[in-house]
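*Asks:* The residues making up each chain are set out below.
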Amino acid sequence: MKKVLIVDDEQDIVESLQFVLEAAGFKCYCAYNGEDGLSLAREILPDLIILDVMMPKINGFKICRLLKYDNKYKNIPILMVTARSQVEDKMIGEETGVDEYITKPFELDEIVKKVEGYLKVSSKQ
Amino acid sequence: MAKILLVSENEKKGKEFQEILQKNSHEFSYADNPLMTMDIVKTQLPDIIILDTEVKKFDLKTVSKSIKSFENIQTILLSQSDDIEPELLKTANAFLQYPVSKKFLISTVNANLKTKNSLEKLANSNQELARSLYQLNVLYNTSSQFAGTLDKNKLLEIMVDGMDKSLSFGLACTLTFKSENEPVLIIYSLYKISDRLLEALKLRAALNYKSLFDKKEMPFELDINNLKIEKHVKHSIKEYDFSVLRFDGMFAPIALSENFFGFIEVFRETEFSTEDATCFQTLAQQVSLPLKSATLYEIKEQTNRKLERLERLKSEFISIVSHELRTPLTAIRNSLDILLSGKSGDLTENMNKFLNMAKRNSQRLSGIINDLLDLSKIEAGKMDFKFAISKIEPVIEYVKTNLEELAKEKNLHLITRLEDNFADIYADAQRLEQVLMNLVSNAIKFTPEGGKIELRTEVIDAKDINPVEMFEEELKKLKGKYLQVCVKDNGIGISAEHLAHVFDKFAQIETSLSRKVGGSGLGLPIAKQLLDTHNGTIWCNSKPDKGSSFYFVVPLSSEKNNFMLDLKQSLQKAKVNNSSLALIKLKAENELMQDLQKNVIIETYLNNSFKEIDDKHTSLIMVIPDGDKFSADFLKKKINGYFKDRKNLYPTYAIMYSYGVYPDDAADEVELIRKVNEGLRKIKD
Numbered sequence: 001m002k003k004v005l006i007v008d009d010e011q012d013i014v015e016s017l018q019f020v021l022e023a024a025g026f027k028c029y030c031a032y033n034g035e036d037g038l039s040l041a042r043e044i045l046p047d048l049i050i051l052d053v054m055m056p057k058i059n060g061f062k063i064c065r066l067l068k069y070d071n072k073y074k075n076i077p078i079l080m081v082t083a084r085s086q087v088e089d090k091m092i093g094e095e096t097g098v099d100e101y102i103t104k105p106f107e108l109d110e111i112v113k114k115v116e117g118y119l120k121v122s123s124k125q
Numbered sequence: 001m002a003k004i005l006l007v008s009e010n011e012k013k014g015k016e017f018q019e020i021l022q023k024n025s026h027e028f029s030y031a032d033n034p035l036m037t038m039d040i041v042k043t044q045l046p047d048i049i050i051l052d053t054e055v056k057k058f059d060l061k062t063v064s065k066s067i068k069s070f071e072n073i074q075t076i077l078l079s080q081s082d083d084i085e086p087e088l089l090k091t092a093n094a095f096l097q098y099p100v101s102k103k104f105l106i107s108t109v110n111a112n113l114k115t116k117n118s119l120e121k122l123a124n125s126n127q128e129l130a131r132s133l134y135q136l137n138v139l140y141n142t143s144s145q146f147a148g149t150l151d152k153n154k155l156l157e158i159m160v161d162g163m164d165k166s167l168s169f170g171l172a173c174t175l176t177f178k179s180e181n182e183p184v185l186i187i188y189s190l191y192k193i194s195d196r197l198l199e200a201l202k203l204r205a206a207l208n209y210k211s212l213f214d215k216k217e218m219p220f221e222l223d224i225n226n227l228k229i230e231k232h233v234k235h236s237i238k239e240y241d242f243s244v245l246r247f248d249g250m251f252a253p254i255a256l257s258e259n260f261f262g263f264i265e266v267f268r269e270t271e272f273s274t275e276d277a278t279c280f281q282t283l284a285q286q287v288s289l290p291l292k293s294a295t296l297y298e299i300k301e302q303t304n305r306k307l308e309r310l311e312r313l314k315s316e317f318i319s320i321v322s323h324e325l326r327t328p329l330t331a332i333r334n335s336l337d338i339l340l341s342g343k344s345g346d347l348t349e350n351m352n353k354f355l356n357m358a359k360r361n362s363q364r365l366s367g368i369i370n371d372l373l374d375l376s377k378i379e380a381g382k383m384d385f386k387f388a389i390s391k392i393e394p395v396i397e398y399v400k401t402n403l404e405e406l407a408k409e410k411n412l413h414l415i416t417r418l419e420d421n422f423a424d425i426y427a428d429a430q431r432l433e434q435v436l437m438n439l440v441s442n443a444i445k446f447t448p449e450g451g452k453i454e455l456r457t458e459v460i461d462a463k464d465i466n467p468v469e470m471f472e473e474e475l476k477k478l479k480g481k482y483l484q485v486c487v488k489d490n491g492i493g494i495s496a497e498h499l500a501h502v503f504d505k506f507a508q509i510e511t512s513l514s515r516k517v518g519g520s521g522l523g524l525p526i527a528k529q530l531l532d533t534h535n536g537t538i539w540c541n542s543k544p545d546k547g548s549s550f551y552f553v554v555p556l557s558s559e560k561n562n563f564m565l566d567l568k569q570s571l572q573k574a575k576v577n578n579s580s581l582a583l584i585k586l587k588a589e590n591e592l593m594q595d596l597q598k599n600v601i602i603e604t605y606l607n608n609s610f611k612e613i614d615d616k617h618t619s620l621i622m623v624i625p626d627g628d629k630f631s632a633d634f635l636k637k638k639i640n641g642y643f644k645d646r647k648n649l650y651p652t653y654a655i656m657y658s659y660g661v662y663p664d665d666a667a668d669e670v671e672l673i674r675k676v677n678e679g680l681r682k683i684k685d
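Chains A and B supply the protein sequences, listed in that same order.
Its first residue numbered 1, the first sequence is counted upward by one per residue in my numbering.
Its first residue numbered 1, the second sequence is counted upward by one per residue in my numbering.
Calculated from the structure, these hints are not laboratory results.
Hints should not be assumed to be uniformly reliable.
[What the hints assert, rightly or not] Derived list of chain A stretches under chain B, where covered just means 3 residues or more per stretch with a C-beta under 8 angstroms from a C-beta of chain B:
1. 18-32
2. 67-75
3. 104-117
[What the hints assert, rightly or not] In the DSS-like style, the derived pairs of lysine-lysine whose C-alpha atoms are separated by at most 25 angstroms in a straight line are:
4. B:K400 to B:K452
5. A:K27 to B:K343
6. B:K386 to B:K463
7. B:K343 to A:K120
8. A:K114 to B:K391
9. B:K56 to B:K13
10. A:K27 to A:K113
11. B:K343 to A:K114
12. B:K479 to B:K400
13. B:K476 to B:K543
14. A:K113 to B:K343
15. B:K359 to A:K113
16. B:K391 to B:K479
17. B:K116 to B:K102
18. A:K2 to B:K3
19. B:K343 to A:K3
20. B:K3 to B:K61
Please read these numbers as outputs of a predicted model, since none were measured by experiment.
We put the beta carbon where it would ideally sit given N, CA and C, even for glycine.
Make the full structure from the sequences, and use the hints.
*Replies:* If you want it as structure tokens, here you go:
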């Protein structure tokens, strides 16, 4: 079973994502702040990470940069979720190696489709 | 009553003259050598000197010359013969032959005395005239300086400087207030000021101030303990004390009807004349008018800054609030989606109905938030536009596909009549989709079941557009060819009074209706802003119960139009990012221009610059984002270098060149273009 790590300080968002992704057949791990998210990512080596930008302690971009510059984790696809849609955010995202950018509010179906898409691609590799 | 000196070696003559002159109550003195002569001249300043030409022991010419260096001494020559050296005669005012008759001596002395007095008077009035002229000149210069500034402190400085030049005062005290309710006493002094004089001046200023307003209400409270002091001292070799207060003084308020700016008092050791007083009063009056303008300007600037800050705060507020709203809204929508998907359990018909209601309204809420964000972004100039040569056809298709279902549900006929829908326009297709989606979904909302909605496109010349009175102003600005899109419905229509405000923010026609049909009331204002960015416009024609027609136009793609739009966008970006932009214009013969383009310009600027070339390929205008005068000069040097290396190919080359830089030379694209057009000059080696 493919492992998906969800990191977001909004518990409600995490739970709804967990519900639909588990219904779609993924194993979900959840973290509610950046620090826990980062250590969990290193511990479980997930197949995909859904990451919120604005979080206490370590923000999403920083986690992304730390993982993407590490050979061990750099191939893990990262979907960045944020309420901000400013161009600058997207630019930082590109620089830090974000694979895809999702703006709140999002459709759950859309996320499930995206996760399925990424994990199909990476399973072929 | 004159002082007369006789220079002679003949004592007899001395006695004789003394007797005659003293009898006529003149003061007489006698000298028989040059040393004594000069001593008397220096100490007594005689009015008339009589020189005896018979002197033998010294040279009379030298004495005569020395006397001439003293102003206004009349010399009379005394001689026994007619034979006098011409050189000596030249220096004399009169001539007496010895022996001389008593009457003749007296009358000659008197005549010379009269001449002397007249000359003195003339000199005095000349001096006065010169002084008045100088003062007038100072007044003129000062008043022209007043016109040059809107800085209150600078204006007062100019006034005091003018007074110093025209009156040479010893000390001047100006009481004024810098910011509101902060009185300052500005002291200009020739010498240092003693501490007790300073205290006295403060007290004097307070008394003067109170006396100006007598029993009337004072514009601001004056507490001498909190009175700020500003001292300007010219020389510190001496110090002024209380004696200054015994100098001659003048006082004038600086005020203009209702406005009180302060007052000035000046002191001088010598007495002030009437002319001085006029000059002083004139200067104090003259400064009031520019001071009033300066005050008004200050208020205007403050208000502007406040408004700008508020506008920015508003945009930021909307942006932050909208972002904050998105997160909980996402949680709500997610929960509803999970429930509606049935994955969490079966739903009854009623549950389904109400959950759908909640979902519909959460969608509406996110629509409103998106609109708010869009508007705040456009207003802050932060909306990112992707202009490209495109066609309206895919935009129409997109809107039709997305809204056909909705129209069918309401049993509405959606008809399209497309002409010229493959014409090239220069636009951000996504933004046009946004505009058209809004217009068509509005039409669907406001048209009752069974109604008709028509979508029309055509290329139209600005002068053939049917004028709508309400939007005449906007339509008049259009020039040239446009693609026009019309969305016509036979719905409820809009009354004339509301029609004028449909493009204003938050102005939905009837609140009850808007609640029924949904929407943020921001769709049309956003559409207007989006079309403004395209150099197009939007307007509407409507009759209540007959239906509405919304029109919008975007200019057809042309090199000039596209260039101007790109320039506008680049400038907007430069404004938001606080960066610069350079605009360069080149003019040359066709052949030269082609060479330049191929070999110099493309090589120099490849990255994000863009340009426009006229049909004849003789003039080129290009934009260098982030460019400044150095990047403009760089190109000039490159061109020069290129042609120097090819002297055999182009023995003479004539290239006109000019550039303008935002924000140094111009604030907008129109000014920038004017600047480069006016500044065209030949490139020289």
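*Asks:* Are the hints correct? Go through all of them and say.
*Replies:* Structure-based check of each hint:
no.: 1; hint: 18-32; result: holds (count 3)
no.: 2; hint: 67-75; result: violated (count 0)
no.: 3; hint: 104-117; result: holds (count 6)
no.: 4; hint: B:K400 to B:K452; result: 14 angstroms, holds
no.: 5; hint: A:K27 to B:K343; result: 17 angstroms, holds
no.: 6; hint: B:K386 to B:K463; result: 29 angstroms, violated
no.: 7; hint: B:K343 to A:K120; result: 23 angstroms, holds
no.: 8; hint: A:K114 to B:K391; result: 31 angstroms, violated
no.: 9; hint: B:K56 to B:K13; result: 15 angstroms, holds
no.: 10; hint: A:K27 to A:K113; result: 16 angstroms, holds
no.: 11; hint: B:K343 to A:K114; result: 19 angstroms, holds
no.: 12; hint: B:K479 to B:K400; result: 30 angstroms, violated
no.: 13; hint: B:K476 to B:K543; result: 23 angstroms, holds
no.: 14; hint: A:K113 to B:K343; result: 16 angstroms, holds
no.: 15; hint: B:K359 to A:K113; result: 21 angstroms, holds
no.: 16; hint: B:K391 to B:K479; result: 20 angstroms, holds
no.: 17; hint: B:K116 to B:K102; result: 21 angstroms, holds
no.: 18; hint: A:K2 to B:K3; result: 129 angstroms, violated
no.: 19; hint: B:K343 to A:K3; result: 21 angstroms, holds
no.: 20; hint: B:K3 to B:K61; result: 22 angstroms, holds
Comparing the model with each earlier hint shows violations of hints 2, 6, 8, 12, 18; every other hint is respected.
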